[in-house]
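A.B. asks: The lines below spell out each chain.
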Amino acid sequence: MRLEPKFDALLRRHCRLVAPGSPIDPDALLATLGVDSLEVVEMIVAIEDEFDLAIPQEMLTPEVFATPATIWQAIGELSAQ
Amino acid sequence: MPPMADVSAGRAASLAGWFGQGLAAAPDGVALRAGGLDWTYAELYDYALRLGGALRAQDGHAPAAVGILAARSAECYAGILAALFAGATVVPMSPAFPVERTVTMARAAGVTHVIADRAGRMAAAGLRAALPDLHVIAPEAGRVPAGDPLPAPVEVDPAAVAYVLFTSGSTGQPKGVPVTHANMAHFLAYSRQRYRLTPSDACSQTFDTTFDLAMFDLFVTWSAGATLVSTPAHAFRALPDFVTAQRLTVWFSVPSAIALVGRYGGLAPGSMPSLRWSLFCGEPLLAAAAAEWQTAAPGSILENLYGPTELTIACSVYRWSPDRSPAECVNGVVPIGDIYPGLGDRLLAERESDVGVGELCVTGPQMFSGYLNPSHDEGRFLAADGQRWYRTGDLVRRTPAGLAFLGRLDHQVKIRGYRVELAEIEARLRELPAVAEALVVPVEHGGTRRLAAWYTGVPGCEGELRDHLAAGLPEFMVPHWLQHLRALPLNANGKADRRALAERAQRLADDGAA
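Chains as they are written, first to last, in the numbering used here: chain A, 1 to 81; chain B, 82 to 595.
Be a bit skeptical, because a hint or two may be false.
As the list claims (entries may be wrong) - Part of the chain A face toward chain B, derived, beta carbon under 10 Å:
1. Pro20
2. Asp27
3. Leu29
4. Leu30
5. Gly34
6. Ser37
7. Leu38
8. Glu42
9. Asp52
10. Leu53
11. Ile55
12. Glu58
13. Thr61
14. Ala66
Derived from the structure by calculation, the hints contain no laboratory data. All figures in this text were calculated on a predicted structure; none of them were measured in a lab. Just so it is clear, CB atoms sit at the ideal spot from N, CA and C, and this is done for glycine as well.
Here chain A stands alone, though its shape is the one from the complex (with noise of 0.2 Å):
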């Protein structure tokens, strides 16, 4: 899996232990990744900028925020409405 251009760009500037060039792992833990629980939040925010998206309460959870996987599912689910 590739990910979508403009959201692999998204978390780079959130993941910081991802080296500059290295591909991201859609399947890696997002703290594995260097996501603290304080850029979570400033991902979700940069995520609803960037895509013009509204996450509902019941989304922002870990479960939905687990990988870059579910996160880019959970983009789908929200895009397509």
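Place chain B on chain A using the hints.
C.D. replies: Same frame as chain A, but now just chain B:
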């Protein structure tokens, strides 16, 4: 201060017994809300007995220590109960920690069994590769592998270890802190009578289970028959909505959560009217943050709790008063207040001329008996007045408003409440041949505290160094900035000048230039 009621009233002998009090009070009440599901006390009890049975079925006898490699799932919470019901010691682990660190923790705590949730499975596989005799149970969303359920929680000796938590160690190895059921009994008896929660309360659960304050969340809530609501950082995006939707009555978090909630507009006056307790612990609480939170949750009593893991969750408390407290703060920091009844405190002064100022030392029934590795005890205990005291390493001053926290006596810093020994990170950096010397300093950045590392040796190895740190340390211990220096600056005593490097790191964080 509340009256000194008899803190032995209603005391249970074990953590299973404390859960049993809530089960008896509200069998059909909601014990846990996590992952979009509600679990009643009866359901959670049943699930934990089944998981406990599965633990016993692995090799026929009682597990000694059970790692819980899970986060915020039913398996995480029921797994903690299952280990306790099976008579074992709980060893909370994090799916987000590097496997290398989890292996170190498992070895040190003598972990024989692991319960992993979906998030913990990959780490569990890594753990098993390093420890082939480990039994791993990975239940799928409420379904448990074969084995008869436990008929009831196994009785345990109050002196048995209830849980082991690990804190950063200055020698380069994490330090295991064993806390007994008796330690917890004193803490819970006091908390029960101080907060007087009932089955109609709903309590936040913000802390990762690798942090001992999570044990407050679980057992203060469950001993009252109240509802524990998993509250991940994600909810901070719009916290008042979350608090209102979940009808939270008790909030408990690190103080740095206040700034995070405020950044997203969550601290408008009166925005969290359902709260009746607002509790903070884990790092210094700033007066301005306390005042802002109090305005947002005006119906709540706000308290600042203090205590290292070694003294079982918290050992002192200060109650905020919007009128009186601003004048009682020291350097803009809320006092840590009075030591709990039943515990003793004394100050170890650096010089004889110091009066009312010194290192806080505490003794009593919440004091742990020593680290898993006895060599870590060196310098951490004081013998005085025929008693053994735990030396906290915290410099405090006695004031009319109770104890005031002044700072650390060593190079330990708090990152979002997590204790971090800078020397542990420095030791990890020096393991690499490219590194001659290393020095790590804290910086303030974006409303929180972060780390910067400097090293001497081979230039251009920053990427390799960061990978090495991330492979062995939790995320919060991996510095945000890492730079090479030709030589460390020295101070007048010929030692590495931490202050100069901290100032330089702060400039790096502020504007990206050193």
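A.B. asks: Would you mind marking each hint as holding or not holding in the structure?
C.D. replies: To see whether the hints hold, each was checked on the structure:
1. Pro20: This interface hint holds because 9 Å falls under the 10 Å limit.
2. Asp27: Check passed: Cβ of A:Asp27 comes within 8 Å of chain B, closer than 10 Å.
3. Leu29: With Cβ-Cβ at 6 Å, under 10 Å, it holds.
4. Leu30: holds, 8 Å
5. Gly34: Holds, because the Cβ-Cβ distance from A:Gly34 to chain B comes to roughly 6 Å (cut-off 10 Å).
6. Ser37: Cβ of A:Ser37 sits 3 Å from chain B, so the hint holds.
7. Leu38: Holds, because the Cβ-Cβ distance from A:Leu38 to chain B comes to roughly 6 Å (cut-off 10 Å).
8. Glu42: Check passed: Cβ of A:Glu42 comes within 9 Å of chain B, closer than 10 Å.
9. Asp52: violated, 16 Å
10. Leu53: With a minimum Cβ separation of about 13 Å from chain B (threshold 10 Å), the hint on A:Leu53 is violated.
11. Ile55: Interface hint status for A:Ile55: holds (8 Å vs cutoff 10 Å).
12. Glu58: holds, 7 Å
13. Thr61: Because about 6 Å separates A:Thr61 from the closest Cβ in chain B, which is inside the 10 Å limit, the hint holds.
14. Ala66: holds, 6 Å
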